[in-house]
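*Asks:* Given these sequences and hints, build the entire structure.
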Amino acid sequence: MLRYISVIVAMFALLSCSDVNDDRIPVTAVNIDLGNQGYWDTYGVHTVGQFRYFIKSEKQPADFPYTAMTYTGFGGILLVTDMSGSPLAYDLACPVECTPNVRVVFDTSTLQAVCHKCGSRYDVCEFNGSPLSGPAHEHKYGLRRYRAVRASAGGYTIVF
Numbered sequence: 005m006l007r008y009i010s011v012i013v014a015m016f017a018l019l020s021c022s023d024v025n026d027d028r029i030p031v032t033a034v035n036i037d038l039g040n041q042g043y044w045d046t047y048g049v050h051t052v053g054q055f056r057y058f059i060k061s062e063k064q065p066a067d068f069p070y071t072a073m074t075y076t077g078f079g080g081i082l083l084v085t086d087m088s089g090s091p092l093a094y095d096l097a098c099p100v101e102c103t104p105n106v107r108v109v110f111d112t113s114t115l116q117a118v119c120h121k122c123g124s125r126y127d128v129c130e131f132n133g134s135p136l137s138g139p140a141h142e143h144k145y146g147l148r149r150y151r152a153v154r155a156s157a158g159g160y161t162i163v164f
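Be aware that the sequence shown starts at 5, since it is given in the numbering used here, and climbs by one per residue.
Read the hints as simulated data drawn from the structure, not as lab findings. There may be inaccurate statements among the hints.
What the hints assert, rightly or not - The list that follows gives simulated cross-link-like pairs (lysine-lysine, DSSO-like), each with its CA atoms no further than 30 Å apart:
id	residue 1	residue 2
1	K144	K121
2	K63	K121
3	K60	K144
4	K60	K121
*Replies:* Here you go:
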């Protein structure tokens, strides 16, 4: 039993020493108002495996009511849920490539974000966009994370 406790303590020590750099993507304004229940029901994510991309410059989703006060980060926003059903938001730009047009895509079979250019994979449903493989894992580059703030009207607002 003491041996197992020692192994667990050692694992936590190793993990705490390996910081992930999630600041490679330039700081860019983020504001997506899904604050009323109707918007959240239509454009939000409600279960694990469900996802949504928000890219204002490309009008994704096409029917979303973008306004002058809507900002979707550097490369767009990936909205997913964590394993407990809470919404999580990340910049779609791959932190290895650092360009707004090289974006990760959500793989519903693995619940990971994948960059098809560099091959990096990121855990977006459990470990806050941490790198799992590829150059991002080698360099410890994580996805830039944004906040999903609970709104009083029933939905969420995605902000920096």
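*Asks:* Does each hint fit the structure? Answer for all of them.
*Replies:* Each hint, compared with the structure:
1. K144 / K121: holds, 17 Å
2. K63 / K121: Given pair K63, K121 holds - Cα atoms ~23 Å apart, limit 30 Å.
3. K60 / K144: Roughly 29 Å between the alpha carbons, so the hint for K60 and K144 holds.
4. K60 / K121: holds, 22 Å
Hint compliance for this structure: no hint is broken.
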